[in-house]
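Read off the chains here:
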Amino acid sequence: MAAAIPPWRGIARRRPASLRQRLLLWLLVPGLLLLFALLYSNYLDIRHTADRIQERLLLAIAVSTAEHAFGSRGDLLPRDVEVLIEDFMREDTFYHVLGPGGAFVTGHSDIPRPEPAAGASSPHFYTGHYRGEPVRGIRYRYLVAGADLEGWMTIHVVQTRRMRNALVRSRLVRSATHFVGFLLIGAVFAWIGVSRGLAPLDRLRAAIRRRSQDDLRPVREPMPAEVRDVVKALNSLLRRLQRSIRANQRFLAEASHRLRTPLAALQAELEWSVRDARGGDERRRLEQALCSVQRTSRLAHQLLNLAQVSPEARAANPRRQLDLKELAAETAGELASAALSRDIDLSFEAPRHPVTVFGSAVTLREMLVNLIENALAHCPAGARVTVRACAAGGEGPRLEVEDDGPGIPEPDRERVLQRFVQLEDGSGGGCGLGLAIAWEVAKAHGARLSLHTAPPGRGLLARVVFPAEGGAA
Amino acid sequence: MRLLVVEDNRSLAQSIARALRAGGHAVDCVGNGSDALTAFSVGTHDLVILDLSLPGGLDGLPLLRTLRRRRKDVPLLVLTARAALEDRVLGLDAGGDDYMVKPFALDELEARVRALLRRRGGARTPELTAGGLRFDTVQRVVRADGQTLSLTPRERGVLEVLMRNAGRVVSKERIAEHLFDFGDDTGLSAVELYVSRLRKRLAGTGARIRTLRGLGYLLEE
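Chains as they are written, first to last, in the numbering used here: chain A, 1 to 473; chain B, 1 to 221.
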């Protein structure tokens, strides 16, 4: 049992992302990550600064308190320190003073103290909790030598961190806003840069699109180094394709010749044999043989035609502006005696003005010949076949071949356009390629061949509608 | 008439020659380009049937051009195995007068030869024959079964165009060009009139002028 394909394989098989998307992704994602890193380092910086500020302040308070607490022996902080704290700090500040040996002198006794492991350094900053809030504290020791007291005094001052936190937050928000602004500007420039950078590819695409479909000449747009190799490979491919098409055409011509001359000789010989035949039986047999040869010739002719109108042969059939009216009149004229010999009334209708299309005269003529011959082959004596060229208002130019013969039943109309499909048993002498050839030529010109019932209600109307100016049929 | 057939496939060449001889012509057959040039310069042929796809690497077109250069008035019927109709244009541009794709029916070949000999009659045969009629273009006399037909000059003009192109459609425009001078604006309805009068005159002769609406008129051979 085959292993299930892991989901990431499926992703890899999807169409590769556009170049623009890839470039922008590689520019913006690392950019974003860098930005976050920058923002974080900025935050650490701000925090460090705010901490140092608070520490300086704590030290100032501690020193001030030390100088005055001794003198007042009370709980009151000196007036200027109080002012400092209330007006400028808006933080809750608590302190106590300890005498030598840790004896409590004054202040709040329950404020947190530094860890014993911190040693006896001074000043020493520490963090703790007091009355449910995080606080930052300082331990300050100083020596007194006086009348009442002698020895090391220790002051602990702790302060809430509200203002410090607010400062950090506001600085951070401001930085982040600036950074996001820079990111957006950077993104815009990245977008412009990427577009500019990819512009040569757009030019290449436009240059190729401007060409007609038959143009196989090499691409000569100047390209940046990265794309040059791709264009070189493309041009080499185009050259190979051109060579291949030409070789194909040469082969076709050669095959055509080699097939047809022996058939021509065979047919001529048989015609003489029929003329020379003595008995009715002999003549009949020879006529049948002649018939077979004629059918083989016709098949060879149609096969080679089919190959000639194929898309691969396109470059060999150059296109230009044509007058459909002229082409159709000429073609119908050429088949006039064939029609008369079958006692079929062939006529032609067209407007006074030219009916122009862009196409290949050779293949369009072949298409029309096949449509007319199809009508001639299937209509009985006395039938009417009308060839028409018109430029109806809304749609594009049209060619029509209408007859009042047996027509083609609706369910068969799709099928009959395929190769080698014939409705009768094949005794009619055709080989089933005529309509297929017509269909291929129409398609190659962007036109559509469709079969309908002729307007009076019986017979066949074969219609080829070409694209209107600048559009598709 | 003396005809030259240039065709490398012997069997086909012989079949063609036999058909032409049966039509009362003398026929010379050659199988390659250089023999063709030799025969062409020695004999005085009235028509050449040339296969474009000759062996020896010599494309039939240069040969065709050479023949045309040597004698401008000789009809050249081109045979080819090439299917492409652009080859037809090339062949006709290079100097061919008509073009047939192999394989073909011998009857068709015979008819085209007759048509070409008729068209390029020139000094030799100023007489056109078609549809059982004989038109002496010098004397301007038309005969059917030996009887002279009485036609107006305009009717004769129409008949001449139709006979020179017997078996092929001639548009009204072309008939008008042949009949009228530049200043004369009588136009296409006049052509219709003349054709209908001509038909009346031809009634009983066995010659038939067919009408193909939108395309023109055709005199059956």
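Derived by calculation from the structure, the hints in this document are not laboratory data.
Check each hint, because a few of them may be wrong.
The list that follows gives simulated cross-link-like pairs (lysine to any residue, SDA-like), each with its CA atoms no further than 20 Å apart [to be verified]: (1) A/Lys-443 to A/Cys-390; (2) B/Lys-172 to A/Arg-352; (3) B/Lys-172 to A/Thr-331; (4) A/Lys-443 to A/Pro-406.
Verification of the supplied hints:
Pair hint A/Lys-443 plus A/Cys-390 holds up; C-alpha atoms about 19 Å apart against a cutoff of 20 Å. For the hint pairing B/Lys-172 with A/Arg-352, the CA-to-CA distance comes to about 14 Å; that is within 20 Å, so the pair holds. Distance restraint check for B/Lys-172 and A/Thr-331: the Cα-Cα separation of roughly 16 Å lies within the 20 Å cut-off, and the hinted pair is therefore satisfied. At most 20 Å may separate the alpha-carbon atoms for a hinted pair to count; A/Lys-443 and A/Pro-406 exceed this at roughly 26 Å.
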